[in-house]
Structures are given as C-alpha cells and as structure tokens.
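Chemist: All chains, please: the whole structure from these sequences, using the hints.
Residue numbers (this note's numbering), protein chains in the order written: chain X, 1 to 301; chain L, 1 to 259; chain B, 1 to 365.
Incorrect hints may have been included.
Stated by the list, open to error - Pulled a few chain X residues facing chain L out of the computed Cβ check, cut under 10 angstroms: (1) 35; (2) 40; (3) 43; (4) 107; (5) 127; (6) 270; (7) 272; (8) 284.
Since the hints were derived computationally from the structure, they do not count as laboratory data.
Beta carbons: idealized from backbone N, C-alpha and C, even for Gly.
Residue-level listing of the chains:
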Amino acid sequence: MPFLPFIRTVRKNIYGIIILLPAFLYLAGFSLIILFTVTQMAFTYAGTEKIFFPALQNFVKLAQSPEFRSALLRTILFTVAGTPLELLIGMAAAFLVVKKFKGRGVIRSIFILPLAIPAIVTAIILYILFDFPGGHINEIIMGRHAFFPCQFVEYPVDWRGSAFSALAVSLAGKLWRDMPISMLIILAGLQSIEKDQTEAAATLGASSFHIFFKITIPLLSPAIATVLVLRSIELWKEFIFPYILAGSYPLLSTLIERAYHEWRSPNEASAIAVVLLVLIITCTMCIYYMLAYLKKRLVRI
Amino acid sequence: MIFIVMAPIFIMFKYSLSDRASVVTGGAVIPLWPYEPTLEQYRGLLSADRFIGAAITSLKTALLAVIISLILGVPAAYALVRYRFPGILVLTTFLISIRFFPDIVSVVPVVEVFTPAGLVGNVAGVAAAHCLLSVPYVIFIAMGVFESIPGDLEEQAQVLGAGKITAFFTVTLPVALPGLAAAAIYVFLLSWDEFIFAYFLMAFSDLSTLPVLLRKILSWTPQHNLLAAISVLLSIPVVLFTFIVQKYMRAGATAGAVK
Amino acid sequence: MAEVRFSHVIKKYGKNEVVKDFSLTIFNEEFVTLVGPSGCGKSTILRMLAGLEEITEGDIYIDGIKTNDIPPQKRDVAMVFQSYALFPHMTVAENIAFGLKLRRKPQREIVSRIEESLALFSLRGLGERRPRDLSGGQRQRVALARALVLSPKVLLLDEPLSNLDAKLRLRMRSELKRIHRELRSTIFYVTHDQVEAMSLSDRVAVMNEGRLEQLGAPLEIYNSPKNTFVASFLGSPPINLLQARIQKEGETLYVNIGPCKLALSRQFRESYLHCAGRDIIFGIRPEHISIGESGKGKPILATVDVVEPLGDRSIITVALHKIELALITDAQTISPLRTIPIIFDMEKAQFFDRESGENIICKNR
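Modeler: Structure representation (structure tokens):
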C-alpha cells in the first residue's frame with residue numbers, strides 16, 4: 001500500500017492542513033486563473049468573422065507596431081538605468097545612517113518617509129513640480145527665484161513633452177520612493193556584518209579603503225543581490241510614475257493600460273503582459289546566475 | 001539627501017495651503033510660501049460629497065481587505081510554522097513569492113474574470129484583488145510572529161490542562177496580537193495606497209478609492225492646490241501608521257517570556 | 001502522587017532511532033534524574049511522558065494505567081520547561097491560576113491556592129507582576145509554583161536550572177530538594193549536569209545515544225560505573241582512563257601502565273585473575289591519586305605539568321611517562337616541572353574491557 005504513509009501524514013497534520021487550505025486555495029487558485037486567462041487571451045485572435053485559438057497574430061501585430069517596439073526599448077532602458085541607481089542610492093543612504101551619531105534616529109525616520117507617501121501622491125507632486133510652463137523646477141532653472149541666481153534656460157522646459165525628460169522624471173520619482181526599501185535591505189546587511197570582522201582587519205593593518213572593498217562589500221553581497229533582483233522586478237513592472245508623468249511615452253506596463261482602455265483590445269493587452277512577464281522572468285534568472293557566478297569568482301580569489 | 005527627501009513633501013504641504021493667487025500667478029513667480037496660507041482647500045474637500053465618498057470607499061475596501069487577508073493568512077501562517085509535513089518548505093516559498101508576481105500583468109485577466117462574476121465597480125472586487133497582494137505579506141509577517149513565540153508556551157498550556165484550541169486562544173493568540181496588528185496595519189496601507197487594481201476595476205464606475213479619484217481628477221487639469229490637498233489627506237494615515245507599525249515591531253512581543 | 005513505568009519505549013524520527021528500548025520505573029515519591037550528554041534522547045523521554053511526543057513503540061504507564069493515547073491535558077502531569085515558558089501576557093498570579101481555572105476550581109479555592117503557593121515559593125507580593133519584571137530565579141520559582149499548584153501525579157523538570165547563573169543554581173538546587181521533601185512529590189528530572197543529578201536524586205539514570213546505560217543510587221553509580229562512558233560522565237575533573245595490561249607474576253597480579261608496574265592487593269586477586277595477560281582500560285578518579293611517600297602502595301614518580309588552584313584544593317595535571325593524569329590535592333606548594341611521588345589507591349580503581357568498555361567486575365557479578 002503506497003498510499004498508507006501519505007494517509008498517515010495527512011491524518012497526523014489534519015488540523016494544520018485544514019487551516020492552511022483556505023489561503024492556499026485562494027492564492028494558488030487565483031494565480032492559476034490569472035496565468036491561464038492571460039495566456040489564453042494572449043494567444044486568442046479575434047478576427048472579423050472568427051475567433052482563432054491558438055494564434056500568434058497578437059504578437060505578430062505587436063512586433064510590427066512601432067508603438068510596441070519603442071515601448072519595449074524604453075522599458076529596457078528604464079530598467080537598465082534604474083536598477084544600479086536604486087542600488088547606489090540605497091547604499092549611500094544606508095552608509096549614512098549605519099554609523100552612530102547624534103540624531104541618527106531622526107534622520108533614519110526621515111529617510112523612511114518616502115515609503116510612507118503613497119506612490120500616486122509622489123507622482124502627483126512631481127507632476128506639479130515639473131509642470132509646464134509654470135512649475136517650480138522650471139522657475140528655478142530659469143533663475144526666477146532669488147536664492148538660485150543661476151539661469152540655465154531661457155524658456156521653460158516641457159518636461160512631459162520629450163521621452164527622455166518624461167521618463168527621467170518618472171525614474172527620479174521611482175528612485176525617491178523606493179530609496180527606503182533598498183536602504184533598509186542594505187542596512188540589515190551592514191548590521192549583520194560584525195564589527196569584530198572589520199576591526200580585526202583594521203588591527204591586521206588594512207586601510208579603510210581595503211576594508212570596504214575586501215570585507216564590507218563581499219560580506220554585503222547577499223543584500224546587494226536581494227536589492228538588484230527585487231528592484232529590477234519592480235522597475236520592469238513600474239506603472240504609476242510613467243503613467244502619470246510620461247503618458248505620451250508608454251513603457252510596456254503603461255502600454256498594457258493603453259491597449260486595454262484605449263485600443264479596447266484585451267487580447268493585445270494580454271499579449272504585452274505575457275511579453276513583460278517573460279522579460280521579467282528571464283532577466284531575474286540572468287541576474288541570479290550572474291550573481292552566483294560572480295560570487296564563485298569572488299570566493300576563489 | 002535630507003533636502004531631497006523632504007523637498008517634495010514640503011512642496012505638497014505648501015501647495016495644499018496655497019490660496020488661489022499663489023497658484024494661478026499669470027506668469028509671475030510662484031512664491032515658495034503662499035501669500036495667504038489657507039485651509040480653504042481642505043474645507044472644500046471635507047464638504048465635497050465626491051471626496052468623502054471616495055474616502056469612504058477607500059476605507060471600506062481597506063477594512064474588507066484586512067479582514068479577508070487576516071482570516072486567510074493568519075491560520076495559514078500558524079500551520080506553516082507549527083506543522084511539519086513533507087513539502088512544507090516548497091509550499092511556504094510558493095505562497096510567499098506570489099507577491100513578486102507583477103500586478104500589471106495580472107490586472108487584465110483579473111478584470112476579465114471579475115467582470116462576469118460581478119466584481120467590477122464595487123468594493124468587494126477591489127478588496128478581493130488586494131488580498132491577492134496582501135495575503136502573502138500577512139503569511140510572511142504572521143509566520144515571523146509565530147516563530148518568535150516559543151512552542152514551549154503552547155505545550156506548557158497543554159500540560160497544564162488546556163486542549164490544543166484552548167491553548168491557541170488563551171496563550172498564543174494574545175501573545176501574537178501586537179505582531180498581528182502590525183500585519184493588519186500593513187494590509188490596510190497596502191490597500192489604501194493601491195492604484196492599479198483599484199483603477200482598472202473602477203475605471204468606468206462612479207465609485208473611486210482616493211488614489212483613483214486623484215487620477216480621475218487629474219484628467220480635468222485641476223488646480224495644483226486641490227491635487228496637493230487630496231494628496232496630503234491621502235498620505236496622513238499612511239505616515240502615521242507607518243511609524244506606529246515601526247514601534248510595534250520593535251517592541252518584542254515575547255520579551256520576558258523565556259530566559 | 002504516583003508511580004510511572006516505561007516499558008520498552010522506542011522513539012523513531014523516520015529511520016532515526018533516538019530512544020532505544022527504554023524501560024524504567026519511577027516509584028511513588030521518588031526523585032529520579034535522567035542524565036546524559038545533549039542529544040542523548042533524555043528530553044524526548046520526558047516529552048513522551050508529558051504527552052507532547054508520540055511513542056513509536058512500547059508503553060508508558062502512570063499508576064498502572066496505559067497513557068500512550070491520552071492527550072497531555074488529561075495526563076495529570078506537570079512540567080517545567082527549560083525556558084520556564086511563562087505566559088508573558090499574564091501576571092504571576094494569572095500564570096499560577098491558569099491550570100486551576102481550566103480545571104474549573106471555585107474562585108475562592110483558586111485564590112487561596114495561589115496565596116499558598118506564592119508563600120511556599122517565597123513569591124509573596126509579586127502576584128501582580130508580569131514575567132518580564134521578574135529576575136531569573138523568580139521566574140524559575142513561578143514556573144515551579146504553576147506546575148505544583150495542580151498537585152500533579154508526576155512533576156517533570158526539563159533542565160530547570162540551566163538558565164540560572166552559578167550562584168542561583170546552587171540555591172535553587174537545595175530549594176528543589178526542600179520542596180521534594182516537603183511535598184513528597186514524584187519527580188522526574190532531566191539534566192546534562194552530572195553534579196545536579198548526583199546531588200538531587202534518589203536514583204540516577206545515565207543515558208547515552210538513546211540507550212539507558214546505568215540506573216542506580218548516585219554513589220553506587222559513581223563508585224562502580226558499568227562502563228567507561230558512565231565512569232567518565234560522572235565526576236569532575238573526569239576519571240583518568242589509561243591503557244593498561246594485567247599481568248600475573250608468581251602469585252601477584254600487576255597492572256602495567258606504560259613502564260610502571262602496580263601491584264594489586266590480594267583481595268582483588270580473585271576478581272581479576274581471569275584477565276591476566278589481557279589489555280584493559282585502567283580507570284582511576286583524580287581524588288584517588290595522592291601525593292607523597294606514605295600510604296598504601298608504592299609511590300611512582302611523575303612530573304607536574306599544570307597546576308590549577310581552586311582555593312581549598314588544586315587540580316594537578318602530571319605526566320607519567322608521557323601519559324597525562326589529573327589528580328586533586330589539598331597541598332598548596334606544588335609547582336610545575338617538579339617531580340613528585342604519587343600513589344594510586346588501587347582499591348578504588350576500576351578495570352574496563354578494552355574492546356567493549358564494560359566494567360570487568362560488573363560484568364562478572
């Protein structure tokens with residue numbers, strides 16, 4: 001009876017299984033339905049007379065559309081530029097507050113503040129700040145405020161009017177809001193490095209430059225890996241900032257919204273979603289293996 | 001860095017207090033501090049049905065999401081911590097990592113599935129979608145809470161004469177309560193902030209949560225001071241709760257229980 | 001109070017057998033200690049008796065009733081955990097009342113029982129405190145009070161003293177002994193500390209790797225250990241175990257340790273005669289080696305290596321032809337590198353089989 005041990009395990013843990021089941025069914029069922037629906041829709045093509053399934057038409061149509069291709073390019077650039085910046089800003093903030101000094105608690109609380117401002121609010125603030133023609137930023141760089149006498153430009157910049165500046169502002173917003181998360185992860189990593197280790201290195205005659213690159217950074221690498229993986233996923237799927245601030249220059253995520261609400265094409269929206277999902281999974285795996293490889297190399301040296 | 005962190009928040013407050021002349025300057029420089037600070041915007045909002053309605057919708061959604069997530073997540077977390085059966089590690093990883101699933105990818109199928117189920121344009125649908133995001137978090141936080149409570153306490157209660165269920169309700173649950181409150185607050189904030197699901201599920205209805213209301217107002221190119229005032233009101237509970245949760249998490253729930 | 005009987009109890013985790021064929025009877029009002037190194041399965045036995053762990057094979061009886069399938073809350077045993085497991089959200093009084101309330105005792109009785117036990121454990125005036133506001137010793141006493149207020153059939157103690165500092169541990173040890181004398185409870189005590197085991201118990205059970213090695217009164221086990229494990233587990237500093245060989249020359253038996261040759265007195269001749277010519281392990285406790293010329297037996301010269309003064313006496317490590325030996329002396333003037341004469345008290349020495357580690361005398365008995 002091969003089922004006997006199984007039945008025994010079930011009976012022994014029956015209460016555990018019963019109380020676990022609702023959450024499991026909800027999450028697993030929900031995700032299955034989502035995955036199933038999104039794939040089914042992406043591979044369904046609603047022709048004028050007939051509905052085709054499975055069909056690749058949605059993808060073909062997308063590949064031919066310049067809008068999709070530029071959105072794909074923008075998304076890749078957005079993520080590639082944003083991920084290292086997220087890491088650097090998080091590290092800078094973490095190194096600032098890891099040392100003990102007077103008022104550190106207050107500074108730390110201030111640094112956590114962006115997390116407590118809803119993303120949409122942050123986006124709205126940036127919308128106001130970078131408004132055209134009359135935003136604060138424009139007035140500052142035009143030298144209209146007394147405290148900033150330098151005049152960079154003569155005419156106000158239409159921040160939302162060019163792909164580069166619109167996405168740069170979106171990225172700035174994203175970085176601002178995410179800074180505490182990266183900071184907290186790096187901070188946790190820093191605090192787990194024992195003071196003994198750096199002090200031991202110092203007594204052995206290592207310079208602080210050496211200590212940083214030979215001890216702190218390698219020991220911090222799990223935290224860095226976490227930041228890179230989590231933040232890159234976040235950047236791929238970022239929606240609110242580009243949606244509010246770069247409406248005319250969609251990324252894949254905002255293109256999904258446009259396909260769904262403006263083109264009224266749920267199938268194309270799903271196809272974009274599938275492309276995005278595949279991108280995220282591939283990129284996450286790449287980063288993961290790259291880091292594993294790097295770690296191996298680091299250990300060998 | 002402090003300046004960069006604080007500047008946008010300052011700007012938000014400043015605009016929310018601005019009088020009309022400090023916003024619509026007709027080409028003149030926008031002042032760094034309003035000419036005549038006024039609470040007019042807030043007064044207007046707090047008597048506007050549309051805003052109050054959205055706030056109530058937000059509140060209802062968030063509370064519903066909290067209730068569902070806790071009912072689903074807390075027992076599951078307890079089972080994952082206290083029971084040991086084969087495959088439980090894989091199961092835990094799976095359940096928790098669902099939170100990494102990109103929301104923007106799932107939003108289209110969710111709307112498509114929810115529409116025939118009558119879950120579009122109402123609070124229940126948005127709350128149900130928010131639970132997809134929040135249940136993994138609740139499981140994660142509650143697992144940490146239950147792990148920090150030594151199994152000894154429950155076993156001791158049993159040896160002293162309590163059944164398994166009595167032991168849970170008289171000992172484990174009361175000790176876990178502060179941590180679970182943190183989880184509840186977390187879910188509340190997550191739902192309160194959430195934009196994508198709420199927007200897709202409420203885009204074509206009269207109902208809006210506060211973030212959705214902000215977006216809908218934005219398309220009429222409204223005055224900056226109005227946007228800022230809504231933003232402040234939307235942020236206040238989040239800022240408050242975030243710092244409360246921090247404090248709760250630091251106060252070790254089991255201090256003095258062992259050793 | 002009651003009698004507890006383990007009958008051929010086995011505990012397996014998967015294929016891993018952590019308790020092997022364990023049989024033991026704890027008599028009414030007896031204080032029995034289970035002692036052994038960590039991971040030897042002693043806590044598992046305690047938890048099986050409490051009902052917190054399933055029994056794979058065998059039976060446990062309390063007062064002659066088989067308890068294998070009775071849930072912990074109905075066994076009428078009480079247990080004090082190593083961590084004390086005080087309920088942090090309840091006051092001391094509420095902690096003590098917990099079991100009484102579950103047994104639906106009348107309120108008036110609960111109040112008077114709490115008062116009594118607060119007095120008994122010198123916790124008077126602390127009833128309203130929370131566990132986190134108590135010192136380590138007070139927490140320990142609350143845990144004991146909470147268990148004993150139920151007048152359980154058996155009191156189980158799982159390393160109750162290990163979280164206390166050394167001074168407090170000594171005090172709680174005598175306190176425990178007093179409580180046992182006053183309440184006449186049946187106590188089953190688990191510890192890895194051999195001093196606690198020796199000083200507290202009526203009988204000691206020594207465990208190793210899931211097996212019960214030896215059971216008996218403390219001094220009986222100390223003086224005639226069944227094997228090298230038991231011999232070296234009890235006593236600090238531990239017994240000296242030396243490779244040796246028994247040889248017969250004429251009518252006398254000799255023990256050869258390296259180049260040294262020690263004569264065995266006549267009274268042991270019979271017991272060890274059959275071992276003549278065999279390799280054995282020679283065991284002698286540090287306190288059974290004395291320094292000086294006088295005494296029974298011939299002195300041997302050894303070089304002092306390390307001296308560890310403890311105040312009233314010193315532990316001295318000497319080298320005897322490259323063999324290290326520990327001994328205890330109250331002499332204060334010994335310094336390292338000196339050569340001193342030492343005498344083994346051969347009457348107290350133990351002889352173990354080289355292969356099995358079993359005590360040669362015990363086996364023959």
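Chemist: All hints are to be evaluated individually against the structure, with a verdict given for each.
Modeler: We went through each hint and held it up to the structure:
1. 35: Because about 8 angstroms separates residue 35 (chain X) from the closest Cβ in chain L, which is inside the 10 angstroms limit, the hint holds.
2. 40: holds, 9 angstroms
3. 43: With Cβ-Cβ at 13 angstroms, over 10 angstroms, it is violated.
4. 107: At 7 angstroms from the nearest chain L Cβ, residue 107 (chain X) passes the 10 angstroms test, so the hint holds.
5. 127: holds, 7 angstroms
6. 270: With Cβ-Cβ at 5 angstroms, under 10 angstroms, it holds.
7. 272: holds, 9 angstroms
8. 284: Holds: closest Cβ of chain L sits about 9 angstroms from residue 284 (chain X), inside 10 angstroms.
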